[in-house]
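Q: These protein sequences, in sequence, are chains U and H. The numbering of the first sequence is full-length UniProt numbering, which starts it at 1 and goes up by one. The numbering of the second sequence is full-length UniProt numbering, which starts it at 1 and goes up by one.
No lab work stands behind these hints, which were simulated from the structure alone. A couple of the hints might just be wrong.
Note that the list lumps identical chains together, so a pair holds whenever it fits in one copy or between two copies.
[As the list claims (entries may be wrong)] In silico DSSO-like pairs for lysine-lysine, Cα to Cα no more than 30 Å straight-line:
#1 LYS27 to LYS393
#2 LYS375 to LYS211
#3 LYS401 to LYS291
#4 LYS333 to LYS291
2 protein chains.
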Amino acid sequence: METYTSIPEDLKLAVLKKIKPTEAERKKLMAVQEELAAEVKAAAEKLCVPDIFVKMVGSAARGTWLSGTHDIDVFISFPEETSRKELETRGMEIAREVAKQAEYAEDRHAEHPYLNIIYRGFDVDLVPCFRVASACQLKSAVDRTPFHNEFVKTHIKGREEEVLLMKQFMRGGEVYGSELKTQGFSGYLTELLIIYHGSFEKTVKAASSWKPGQKIDIMQHSELEHNEPLVMVDPTDPRRNVAAALSLDKFCMFIDHCREFLKSPEIKFFFPACPLPLEDEEFLEKLESRKSSQLAVIFETPDVVDDVLYPQLYKMEQAAASLLSEYDFSVVKTGVWSGKTETVIMLELISGTLPNVKKRIGPPVWAREHAEKFKAKYEGAENVFGGYIEGGKYVFEIRRKYPTAKGLLEDQLLNSSLGKQVHQNVSKGFEVLEDTEICRLKDPDFRVFLRKWV
Amino acid sequence: METYTSIPEDLKLAVLKKIKPTEAERKKLMAVQEELAAEVKAAAEKLCVPDIFVKMVGSAARGTWLSGTHDIDVFISFPEETSRKELETRGMEIAREVAKQAEYAEDRHAEHPYLNIIYRGFDVDLVPCFRVASACQLKSAVDRTPFHNEFVKTHIKGREEEVLLMKQFMRGGEVYGSELKTQGFSGYLTELLIIYHGSFEKTVKAASSWKPGQKIDIMQHSELEHNEPLVMVDPTDPRRNVAAALSLDKFCMFIDHCREFLKSPEIKFFFPACPLPLEDEEFLEKLESRKSSQLAVIFETPDVVDDVLYPQLYKMEQAAASLLSEYDFSVVKTGVWSGKTETVIMLELISGTLPNVKKRIGPPVWAREHAEKFKAKYEGAENVFGGYIEGGKYVFEIRRKYPTAKGLLEDQLLNSSLGKQVHQNVSKGFEVLEDTEICRLKDPDFRVFLRKWV
Numbered sequence: 001m002e003t004y005t006s007i008p009e010d011l012k013l014a015v016l017k018k019i020k021p022t023e024a025e026r027k028k029l030m031a032v033q034e035e036l037a038a039e040v041k042a043a044a045e046k047l048c049v050p051d052i053f054v055k056m057v058g059s060a061a062r063g064t065w066l067s068g069t070h071d072i073d074v075f076i077s078f079p080e081e082t083s084r085k086e087l088e089t090r091g092m093e094i095a096r097e098v099a100k101q102a103e104y105a106e107d108r109h110a111e112h113p114y115l116n117i118i119y120r121g122f123d124v125d126l127v128p129c130f131r132v133a134s135a136c137q138l139k140s141a142v143d144r145t146p147f148h149n150e151f152v153k154t155h156i157k158g159r160e161e162e163v164l165l166m167k168q169f170m171r172g173g174e175v176y177g178s179e180l181k182t183q184g185f186s187g188y189l190t191e192l193l194i195i196y197h198g199s200f201e202k203t204v205k206a207a208s209s210w211k212p213g214q215k216i217d218i219m220q221h222s223e224l225e226h227n228e229p230l231v232m233v234d235p236t237d238p239r240r241n242v243a244a245a246l247s248l249d250k251f252c253m254f255i256d257h258c259r260e261f262l263k264s265p266e267i268k269f270f271f272p273a274c275p276l277p278l279e280d281e282e283f284l285e286k287l288e289s290r291k292s293s294q295l296a297v298i299f300e301t302p303d304v305v306d307d308v309l310y311p312q313l314y315k316m317e318q319a320a321a322s323l324l325s326e327y328d329f330s331v332v333k334t335g336v337w338s339g340k341t342e343t344v345i346m347l348e349l350i351s352g353t354l355p356n357v358k359k360r361i362g363p364p365v366w367a368r369e370h371a372e373k374f375k376a377k378y379e380g381a382e383n384v385f386g387g388y389i390e391g392g393k394y395v396f397e398i399r400r401k402y403p404t405a406k407g408l409l410e411d412q413l414l415n416s417s418l419g420k421q422v423h424q425n426v427s428k429g430f431e432v433l434e435d436t437e438i439c440r441l442k443d444p445d446f447r448v449f450l451r452k453w454v
Numbered sequence: 001m002e003t004y005t006s007i008p009e010d011l012k013l014a015v016l017k018k019i020k021p022t023e024a025e026r027k028k029l030m031a032v033q034e035e036l037a038a039e040v041k042a043a044a045e046k047l048c049v050p051d052i053f054v055k056m057v058g059s060a061a062r063g064t065w066l067s068g069t070h071d072i073d074v075f076i077s078f079p080e081e082t083s084r085k086e087l088e089t090r091g092m093e094i095a096r097e098v099a100k101q102a103e104y105a106e107d108r109h110a111e112h113p114y115l116n117i118i119y120r121g122f123d124v125d126l127v128p129c130f131r132v133a134s135a136c137q138l139k140s141a142v143d144r145t146p147f148h149n150e151f152v153k154t155h156i157k158g159r160e161e162e163v164l165l166m167k168q169f170m171r172g173g174e175v176y177g178s179e180l181k182t183q184g185f186s187g188y189l190t191e192l193l194i195i196y197h198g199s200f201e202k203t204v205k206a207a208s209s210w211k212p213g214q215k216i217d218i219m220q221h222s223e224l225e226h227n228e229p230l231v232m233v234d235p236t237d238p239r240r241n242v243a244a245a246l247s248l249d250k251f252c253m254f255i256d257h258c259r260e261f262l263k264s265p266e267i268k269f270f271f272p273a274c275p276l277p278l279e280d281e282e283f284l285e286k287l288e289s290r291k292s293s294q295l296a297v298i299f300e301t302p303d304v305v306d307d308v309l310y311p312q313l314y315k316m317e318q319a320a321a322s323l324l325s326e327y328d329f330s331v332v333k334t335g336v337w338s339g340k341t342e343t344v345i346m347l348e349l350i351s352g353t354l355p356n357v358k359k360r361i362g363p364p365v366w367a368r369e370h371a372e373k374f375k376a377k378y379e380g381a382e383n384v385f386g387g388y389i390e391g392g393k394y395v396f397e398i399r400r401k402y403p404t405a406k407g408l409l410e411d412q413l414l415n416s417s418l419g420k421q422v423h424q425n426v427s428k429g430f431e432v433l434e435d436t437e438i439c440r441l442k443d444p445d446f447r448v449f450l451r452k453w454v
């Protein structure tokens with residue numbers, strides 16, 4: 001279609017060859033979807049729940065799924081006038097009935113409950129929802145999905161491959177996925193970008209010049225101001241920003257990924273080399289070469305879903321950094337890694353130790369009341385090295401309470417503002433490993449994280 | 001005179017006993033002054049310089065000198081119409097003629113030349129000046145002095161002892177002296193404070209509540225705004241602030257000294273205990289207890305008067321602190337000590353070493369041109385550990401150029417902005433001593449400085 005392109009056709013073909021579902025894969029998916037629809041109908045009949053529609057939504061339903069992903073979203077749609085309680089009870093009854101045919105089933109909760117099952121090898125969500133007249137009138141967040149599905153299906157025709165390329169390209173740049181762990185681009189957002197710009201290449205070129213506040217409003221019907229870095233007004237709901245979950249850093253990482261790709265369009269931008277776990281020896285070398293202080297706070301991974309866990313981990317990361325800064329430690333960077341059993345907050349500091357002496361600057365001498373109170377508190381007190389006047393203010397050299405970052409964390413971390421489940425598990429016990437001690441953590445996935453870290 | 005006083009009379013008497021010149025001392029000073037006046041007259045006659053007046057100025061002439069100080073200021077006053085050149089030539093001729101009777105003589109320069117001699121054990125300045133009609137019409141800064149002298153003489157009568165008490169009290173608080181080394185209170189300023197407030201005690205009480213911007217205008221004739229912490233409008237010149245040389249810290253130290261004294265009026269505020277030189281062992285203990293880094297930059301003391309030397313040393317102190325901060329070292333405090341042969345800039349740091357890794361934060365990713373330039377400079381470059389996006393900005397972890405403060409100072413101190421004579425001597429060679437190495441400096445006066453330092 002393009003008259004001018006800087007992205008080689010054979011590169012796109014090479015990528016598509018790896019990510020586009022084969023005809024056999026497509027047929028199998030269609031068959032499973034039909035089966036599931038029939039199962040839901042049968043279950044509803046059996047349980048005497050009338051007026052149920054079954055809707056296949058998500059990328060599987062719109063032909064924009066990446067080969068190898070096996071996600072199916074089945075929406076069980078109730079009449080709008082159904083009560084919330086009835087929707088939940090009856091919806092879950094139907095779902096459980098369907099689950100009798102499944103290899104595995106697990107109750108989950110978003111805004112309301114749904115069932116996740118493994119069915120003939122596919123990862124299927126069975127989601128009860130209301131059948132509302134438009135996305136603006138939704139009774140629950142999931143009610144939007146069928147409208148998204150409709151919009152994409154009617155606008156994406158012929159551009160499914162462009163969506164596939166973009167999704168894989170975003171994966172390569174580590175910005176794909178709108179879960180709270182990633183805070184990147186959702187599938188729907190990706191599809192809207194392709195619908196708006198027309199192709200993968202045009203989107204990449206446009207994104208290279210994005211600035212925070214970039215706004216796309218396909219239907220020209222925006223009703224609200226938004227503060228997020230990217231504003232993609234939902235074509236099915238003028239008040240909603242589809243890109244609300246995209247963080248500033250993921251927004252910028254995507255811009256950077258697009259620019260670098262346009263400079264030299266290579267397959268590595270879709271399939272980056274997978275880093276190897278860092279060996280002890282390499283880690284020790286890096287420590288020696290950087291000469292900064294590395295701290296790892298480890299505790300048992302809370303047993304909650306990622307969307308609950310990661311916001312709490314990010315909060316803890318911030319809390320630890322604030323605590324350290326408050327006590328004069330200079331934080332270089334912070335990071336989070338979470339495995340099945342153990343979770344690690346990584347902290348790199350200019351130094352993990354500080355001198356015993358700490359300068360406490362008081363009020364100006366002429367602010368008499370405050371100044372005299374300050375002076376009375378420190379002058380001649382225990383653990384005070386000395387005092388003087390500097391810049392018109394009383395200054396006392398006092399003994400630092402926490403000369404080591406490790407001691408500070410051990411003593412004060414639990415007093416920081418932590419999320420519920422993280423606080424529970426950290427309370428049970430945590431350990432602060434320093435520098436070479438970090439070699440004790442052997443999890444290969446952590447070691448991959450560590451390679452990027454140092 | 002006071003009906004109510006919180007300062008015991010016997011304390012004042014005890015102080016005065018130590019500082020008030022005896023009758024014998026006074027008589028001797030008067031005799032020497034008269035002799036000097038006669039010598040100047042005789043010299044002028046001998047050299048055929050007509051129309052010369054001799055004026056005794058300074059504390060000796062106004063009865064406000066502290067016992068044991070032996071300074072006499074003799075002003076050789078020329079008619080106003082004398083040319084500057086003639087004043088200097090003829091004035092110095094007369095001074096040199098007088099100096100023939102002196103034990104020692106040395107040419108000195110302020111705004112114009114004068115002669116400093118030792119005469120019968122007294123330290124005498126022979127200063128040529130113009131005889132102008134009022135202090136506002138002065139042709140040279142020294143021409144003011146005779147007017148100051150007149151003002152004080154006519155207003156201080158009966159309060160000389162109050163001036164003596166205040167001068168000694170300021171000495172005890174290390175705020176007496178308006179030279180550029182001290183930046184404290186001049187004798188004239190002290191006298192004006194007593195004239196304005198009426199007594200030592202009233203001045204102390206008033207000063208306890210001073211705030212920067214405190215203004216005293218005895219003649220109610222101020223013509224200009226001033227920014228200094230204390231403004232004492234010169235009674236002989238409405239445009240001049242007598243306290244212009246008083247630094248904020250000395251202003252505050254005096255306030256503090258007054259408050260503490262009023263809390264418990266004791267003789268130690270006039271005669272503080274003289275600290276002993278710090279022994280090696282004590283210094284090593286202090287190092288161990290503080291655990292900070294101590295650096296001493298030493299070089300040969302420039303052979304210039306204090307009023308030239310100290311501003312340059314303070315400038316160097318600032319320059320060294322700025323240099324260290326610029327390269328990420330955290331400065332706790334800085335200090336200056338200067339002896340006959342060696343001069344020391346003392347620097348206390350949180351740490352004298354920093355890790356090799358240094359975080360360089362670049363422009364936001366969306367500021368495309370700058371951001372791409374920044375990225376191109378660091379990505380994959382030698383001595384770069386890695387890069388990422390943080391807070392929407394490119395960040396690279398680069399190798400620090402100066403991981404030790406000592407190395408930084410040795411390499412860059414000479415490139416800082418230094419005064420002329422200090423730069424000359426530092427260029428000849430300097431050394432940076434670290435922590436225990438500082439024990440090498442044995443000068444007892446430096447060791448007294450060191451006791452206050454740690």
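Q: The structure should be examined with respect to each hint, and the outcome stated for every one.
A: Results of checking the hints against the structure:
1. LYS27 to LYS393: neither (78 Å within a copy, 46 Å between copies)
2. LYS375 to LYS211: between (51 Å within a copy, 17 Å between copies)
3. LYS401 to LYS291: For LYS401 and LYS291, both the intra-copy (24 Å) and inter-copy (13 Å) Cα distances are at most 30 Å.
4. LYS333 to LYS291: Answer is both; intra-copy 14 Å and inter-copy 25 Å each pass.
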